[in-house]
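Q: Chain by chain, the residues run as shown.
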Amino acid sequence: MPVALTAGETEEFEAPGPAEFELPPAFEILGFGVTKPMLIVVAATLLIGITLYIAARRAAMVPGKGQFFVEGVYGFIRNGIAPDTIGREGAKYVPYLFTLFVFIAVLNISGIIPFVQYPATSRIAIPLGLALVSWVIFNYVGIRRQGFGGYFKNMMFPPGVPKAIYPLLAPLEFLSTVIIRPVTLTFRLTFNMFAGHLVLLLTILGGEFLLFHTQGLVGFAAGSVSLLFGIVLTLFEGFIQLLQAYVFTLLSAIYIGGALTHEH
Amino acid sequence: MEGSLNMVGIGLAAVGPGVGIGLIFAAYISGVARQPEARSVLQGIAILGFALAEAMFIIAVGLAFALG
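Top to bottom, those sequences are chains Y and D. Quick note on our numbering: the first sequence kicks off at 1 and runs consecutively. Quick note on our numbering: the second sequence kicks off at 1 and runs consecutively.
Treat the hints loosely; a few may be bogus.
[Stated by the list, open to error] Footprint (simulated), chain Y over chain D, 3 or more residues, beta carbon under 8 Å:
| id | segment |
| --- | --- |
| 1 | 43-49 |
| 2 | 52-63 |
[Said to hold, decoys possible] To give a feel for the contact side, a few chain Y residues facing chain D, derived at Cβ under 10 Å:
| id | residue |
| --- | --- |
| 3 | F103 |
| 4 | R188 |
| 5 | F191 |
[Claimed, not checked] Pairwise CB distance ranges (calculated):
| id | chain 1 | residue 1 | chain 2 | residue 2 | range |
| --- | --- | --- | --- | --- | --- |
| 6 | Y | A19 | D | F25 | 34 to 42 Å |
| 7 | D | S4 | Y | G129 | 25 to 33 Å |
| 8 | D | L48 | Y | Y166 | 22 to 30 Å |
| 9 | Y | G33 | D | N6 | 38 to 46 Å |
| 10 | D | V41 | Y | G33 | 28 to 36 Å |
| 11 | D | G11 | Y | S224 | 24 to 32 Å |
| 12 | D | M7 | Y | F212 | 42 to 50 Å |
| 13 | Y | T35 | D | S4 | 23 to 31 Å |
| 14 | D | M7 | Y | I54 | 46 to 54 Å |
| 15 | D | Q35 | Y | A15 | 20 to 28 Å |
Worth flagging that the hints you see were computed from the coordinates, not collected in a lab. Glycine included, each C-beta is placed from N, C-alpha and C at the ideal position.
Taking the hints into account, I'd like the entire structure generated from these sequences.
A: Written as structure tokens, this is what we have:
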């Protein structure tokens, strides 16, 4: 995209695109390239595991700061998400939902941590894997609760609908539950992180370009505003990242709750 | 003028979910204003509706880059 702010300007601004996400392997193990998102996943797993282990091992009657924080997050899942969506049986699924929330939140937040600055969940494989785990769980609990035939019958032929609608409704419901649910779970998380990171790159790289590679007052003013806006957007992106972790967890819980109960 | 027509498509695709998310949060705000004690129940529903409406646009972003 050529920028012609001042006369005689020849430098061109390269707008960041999807290529920014294609990093070369950091190093290789037996010919298998290890990339930055993989390292982030490993680091996040270790970080979460060690933090939770320490917080749980030193469980005190009067919690300290760390224990209070971890218990707050756990309580948010146990008292905020599970009872509202799954109901009385929610307690059984709290460990899974808590793991899901914390893992996704940490992987998302890696996008705004200085010097890491790469949301690992913007690579589609990671949300896809998590969505498939959720998909297997909600289908499994549904089939175990209602039986194989009963689960699909309740899914595709909900009672209380005029008979003539069934030929239209049944394939739609089947598609929606079996295919569209995991696909939208994956896409929502992936492209939220992808688009958010791209916007941050655009404001910050564009601001840097306007400040240091163009002459004149217009470039200076626009670049300053763009960089300041980049800082605001970074904070906003942090909020979006936590919100998306919450949405993924909430939708997984709703799918599990929907598979467990069916109206007569 | 240069660039991909896909980027125009993203802008157009943002209109629908933008209106939809606005309506969802308008309903949420008026609901909380009428019954402040229902906030915790409404919050989950509002966020869920927001996520579902937003998915349309997010899929459009993904397709714009994938097909570009």
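Q: Starting from the hint 24 to 32 Å, judge whether the C-beta atoms of G11 of chain D and S224 of chain Y obey it.
A: holds (26 Å)
Q: Within 20 to 28 Å or not, the Cβ separation of Q35 of chain D and A15 of chain Y?
A: Violated, at about 47 Å.
Q: Quick one: are S4 of chain D and G129 of chain Y within 25 to 33 Å, going by C-beta?
A: At roughly 30 Å between Cβ atoms, G129 of chain Y and S4 of chain D fall inside 25 to 33 Å, so the hint holds.
Q: According to a criterion of three or more residues whose C-beta lies within less than 8 Å of a C-beta of chain Y, is the segment 52-63 of chain D covered?
A: holds (count 6)
Q: Mind checking the hinted window 28 to 36 Å against the Cβ distance between V41 of chain D and G33 of chain Y?
A: violated (48 Å)
Q: Within 22 to 30 Å or not, the Cβ separation of L48 of chain D and Y166 of chain Y?
A: holds (27 Å)
Q: Is the hinted range of 34 to 42 Å satisfied by the C-beta distance from A19 of chain Y to F25 of chain D?
A: Between A19 of chain Y and F25 of chain D, where Cβ atoms are some 35 Å apart, the hint holds.
Q: Holds or violated: the segment 43-49 of chain D covered by chain Y, criterion of 3 or more residues with Cβ-Cβ distance under 8 Å?
A: As far as the segment 43-49 of chain D goes, the hint holds, because 3 residues have Cβ atoms under 8 Å from chain Y.
Q: Evaluate the given range 46 to 54 Å for the C-beta pair formed by M7 of chain D and I54 of chain Y.
A: holds (47 Å)
Q: Go through the hint on R188 of chain Y and say holds or violated, using the shortest Cβ distance to chain D against 10 Å.
A: holds (5 Å)
Q: Go ahead and decide if the range 42 to 50 Å is satisfied by the Cβ distance of M7 of chain D to F212 of chain Y.
A: violated (26 Å)
Q: Under 10 Å is the threshold here; is the Cβ of F191 of chain Y close enough to any Cβ of chain D for the hint to stand?
A: Hint on F191 of chain Y: holds, closest Cβ of chain D at ~4 Å, below 10 Å.
The structure fails to meet hints 3, 9, 10, 12 and 15 from the earlier list, while all remaining hints are met.
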